[in-house]
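Given chain C, put chain W in place with the hints provided.
There are 2 protein chains.
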Amino acid sequence: MHFRCEKKDLVEGISTVQKAIQGKSTMQVLEGIYIETTSEGLILRGTDIDLSIETKVPATVVEDGTIVIDSKLFGEIVRKLPNSEVDVLTTENNTITVTCENSVFNLLFLNADDFPDLPEIGRESGVEIRESLLKNLITATNFAVALDEARPILMGVLFEVKNSVLNMVALDGYRLALRTENLDSVDDFSVVIPGKTLNEVNKILSDSTENVSISFNDNHIMFRIKDTKIVSRLLSGDFIKYESILPSDYRLSFTTSKAVLHDSIERASLMSKDGTSNLIKMNIDGGRMVITSNSQFGKVREELSITSKGEPIEIAFNSRYLIDVLKVIEEDEIMFEMTSSVSPCIIKNRIKDNCKYLVLPVRIAR
Amino acid sequence: MHFRCEKKDLVEGISTVQKAIQGKSTMQVLEGIYIETTSEGLILRGTDIDLSIETKVPATVVEDGTIVIDSKLFGEIVRKLPNSEVDVLTTENNTITVTCENSVFNLLFLNADDFPDLPEIGRESGVEIRESLLKNLITATNFAVALDEARPILMGVLFEVKNSVLNMVALDGYRLALRTENLDSVDDFSVVIPGKTLNEVNKILSDSTENVSISFNDNHIMFRIKDTKIVSRLLSGDFIKYESILPSDYRLSFTTSKAVLHDSIERASLMSKDGTSNLIKMNIDGGRMVITSNSQFGKVREELSITSKGEPIEIAFNSRYLIDVLKVIEEDEIMFEMTSSVSPCIIKNRIKDNCKYLVLPVRIAR
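As they're listed, the protein sequences go chains C and W. With UniProt numbering applied, the first sequence corresponds to residues 1 to 366, in that order. With UniProt numbering applied, the second sequence corresponds to residues 1 to 366, in that order.
Warning: the hint list may mix true and false statements.
Treat identical chains as interchangeable: a pair holds within one or across any two.
Claimed, not checked - Simulated pairs of lysine-lysine, DSS-like, Cα-Cα distance not exceeding 30 Å:
1) LYS352 to LYS229
2) LYS258 to LYS72
3) LYS327 to LYS7
4) LYS203 to LYS352
5) LYS327 to LYS309
6) LYS72 to LYS327
7) LYS299 to LYS24
8) LYS281 to LYS8
9) LYS226 to LYS80
10) LYS203 to LYS309
11) LYS258 to LYS8
12) LYS226 to LYS196
13) LYS241 to LYS162
14) LYS229 to LYS135
15) LYS80 to LYS327
16) LYS72 to LYS281
17) LYS7 to LYS281
18) LYS226 to LYS19
19) LYS56 to LYS299
20) LYS80 to LYS258
21) LYS8 to LYS80
22) LYS203 to LYS299
23) LYS258 to LYS7
24) LYS258 to LYS309
Keep in mind the hints are simulated off the structure, nothing from the lab.
The shape of chain C in the complex, shown without the other chains (with noise of 0.2 Å):
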């Protein structure tokens, strides 16, 4: 194998395909990353067998070849190099010769026949998205995955359309994200993708309004961004029936500034932090939220103008998951409704009708 490439473009592809690899892995090969010259230049590809990237190098292919390299020194070596052009090149012992400049490297390879394929995925059922769209419903939903093995489809997002209407939704038994956005015409279907993957398709998604292509069968996904493929094995099992936990009626509703109750709770969250439970307490009554915690340390009270309507309320979270959610919803001003201090709230944007986040309140003693 012999190629010569522009550094930059070859750390671009690295830095992509390094996403799917783990750090370490009992299968050598699953530390390296995949080089394959064809036609048109390289492909580069890395994998953990869950997850596996691909994407493309522009290249002047000199002799074809394949081979896997090891990905963090690779990387490491690539990117220190000079901006300037690079010349890879397979010598005998199983080495290649890496040349840029004045620098020259020798390096073991690995054979490129135990690389896993990337997985076929055909194109069963398929839908498009524009880029900064589909990072904006993955940064909308998928901080609420459970990080616990307990019950696994909950690690993953739901990803279904219904009726033309694309819904989201992650859920860990304290809370849900549902995101829902109108799409054109596609098919009914439903897909759990693991919570893991979609954090890495976020990474390399831009903000561009470029269409990002999403095909699947019944075991895997795989997102098409310009030159890149993400492949990632989808969750089995059914989705919890997540409409039957959102409340469909509510005793009070208020709406309030996103910006001065996310700081007001970062600072009352600032007297709960020794205890796992982040506890603070809310009394809402008429036009005025306060804001309460107190520790060992002392404790603390912020209040707040809001909107309300309904029934005075005391309640109580866990400020964690309430700011999570002030972090990720869109519109400015933004709208509670709750019914009382044992059932769920839901918080959503005051005006558009395109998300509903659910909190569990605390229970607490009086």
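Just chain W now, kept in the frame of chain C:
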């Protein structure tokens, strides 16, 4: 006690004195910030006994008093307050009430009687140095102090004036850093300042041209930077006679570009990272330097143009020691002086004779 001050002034004061406060201490009072009202505002102080930092914060004092308040919690709270006036008032049960706009915190405080006083320095000896110059002097030397406690005196930087020349010297048994500066008519003196102290002093120094006043007695040194006093204990004992370590002659000298050499060594050291020696070899012959390194994963060869005078040499180094020097040395063109593969190597500016770095080579089998 009752005072009012601007949040940003209070944050600045807290950040300054926190540099002397360790996270956890066996004495609870040392985890706190001492606050005292004066006719001009507030005095804030933090200490870990070895190092104390005191600064002033402009404030309107309504009622005099002194308290000690938990540094971490108080710091976090004040940083998160709105950018507005902060009102601090002591109330019953050893509590302070911190009010800012619609936020009210009640925090326990500690009795200030147990808080250590700032050590008295008097003004036995002293010197004045421009802030930006002192910053430069510390950066140029402090990296070379010993980190292990085998010889405590080497954990500090020698700070001596001889015939109106200031010498700052640090060494750790493998390398030495010497930076000199002409001062106007200052009496001779010699003290050893803990490296840890200089680290914190460096963080507080700005690039201003104002003078820092430095004064000391047998046990302590005080840096006065605008409204801030930093007092540290000095290390006791005699410093190494460093002049006898510096070679007076050499058999090969060469000049090279600092940036090109830095990048070449950085790349070469990628191949030697696995061991603890970070071993790289240099082969210097005429106008050419070849740097090589190899490990189980492969090898690297870097070639540089240099301007040399003297006999060819093959010599090996711990790359980290060279990189440390290249990061702080001032000029873009630098000069090396070598005698043999087992003799100390000297690195200095090509033109300005105000620093000398010594690095011991690593003996290699041939």
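Structure-based check of each hint:
1. In the homo-oligomer, the alpha carbons of LYS352 and LYS229 never lie at most 30 Å apart, since the shortest distance is 33 Å inside one protomer and 55 Å across protomers.
2. With identical chains, the CA atoms of LYS258 and LYS72 are at most 30 Å apart between copies only, with a shortest distance of 27 Å across copies and 42 Å within one.
3. For a Cα distance limit of 30 Å, the shortest separation of LYS327 from LYS7 across copies, 24 Å, qualifies, whereas the shortest one inside one copy, 37 Å, does not.
4. For the identical chains of this complex, LYS203 and LYS352 are intra-copy neighbours only, at 26 Å inside a copy versus 47 Å across copies, given an alpha-carbon limit of 30 Å.
5. Within a single copy, LYS327 and LYS309 get their C-alpha atoms as close as 25 Å, which meets the 30 Å cut-off; across copies the closest is 63 Å, which misses it.
6. Taking identical chains as interchangeable, the C-alpha atoms of LYS72 and LYS327 lie at most 30 Å apart only when they sit on different chains, with a minimum of 25 Å there against 33 Å within one chain.
7. In this assembly of identical chains, the alpha carbons of LYS299 and LYS24 lie at most 30 Å apart only when taken from different copies (22 Å versus 46 Å within one copy).
8. For the identical chains of this complex, LYS281 and LYS8 are inter-copy neighbours only, at 29 Å across copies versus 52 Å inside a copy, given an alpha-carbon limit of 30 Å.
9. Taking the closest pair of Cα atoms, LYS226 and LYS80 come within 30 Å of each other only inside a single copy of the chain (26 Å); across copies the shortest separation is 42 Å, beyond that limit.
10. In this assembly of identical chains, LYS203 and LYS309 lie within 30 Å of each other by CA distance neither inside one copy nor across copies; the values are 41 Å within and 52 Å between.
11. Taking the closest pair of Cα atoms, LYS258 and LYS8 come within 30 Å of each other only across two copies (23 Å); inside a single copy the shortest separation is 41 Å, beyond that limit.
12. Within a single copy, LYS226 and LYS196 get their C-alpha atoms as close as 21 Å, which meets the 30 Å cut-off; across copies the closest is 51 Å, which misses it.
13. Proximity of LYS241 and LYS162 under a CA criterion of 30 Å is satisfied intra-copy only: 14 Å inside one chain copy versus 81 Å between copies.
14. Proximity of LYS229 to LYS135 under the C-alpha cut-off of 30 Å is restricted to the intra-copy arrangement: shortest distance 16 Å within a copy versus 50 Å between copies.
15. For the homomeric pair LYS80 and LYS327, the shortest alpha-carbon distance between copies (16 Å) is at most 30 Å, but the shortest distance inside one copy (36 Å) is not.
16. Proximity of LYS72 and LYS281 under a CA criterion of 30 Å is satisfied inter-copy only: 23 Å between copies versus 48 Å inside one chain copy.
17. Taking CA atoms no more than 30 Å apart as the test, LYS7 paired with LYS281 passes between copies only; the shortest distance there is 26 Å, against 55 Å inside one copy.
18. In this homomeric assembly, LYS226 and LYS19 come within 30 Å of each other (Cα to Cα) only inside a single copy, at 16 Å, whereas the closest approach across copies is 48 Å.
19. Taking the shortest Cα distances, LYS56 and LYS299 sit within 30 Å of each other only across copies (27 Å), while inside one copy they are farther apart (56 Å).
20. With identical chains, the CA atoms of LYS80 and LYS258 are at most 30 Å apart between copies only, with a shortest distance of 16 Å across copies and 43 Å within one.
21. Proximity of LYS8 to LYS80 under the C-alpha cut-off of 30 Å is restricted to the intra-copy arrangement: shortest distance 11 Å within a copy versus 41 Å between copies.
22. Taking identical chains as interchangeable, the C-alpha atoms of LYS203 and LYS299 are never at most 30 Å apart, the minima being 39 Å within one chain and 33 Å between chains.
23. Taking CA atoms no more than 30 Å apart as the test, LYS258 paired with LYS7 passes between copies only; the shortest distance there is 22 Å, against 44 Å inside one copy.
24. Taking the closest pair of Cα atoms, LYS258 and LYS309 come within 30 Å of each other only inside a single copy of the chain (18 Å); across copies the shortest separation is 69 Å, beyond that limit.
The earlier numbered hints that this structure contradicts are 1, 10 and 22.
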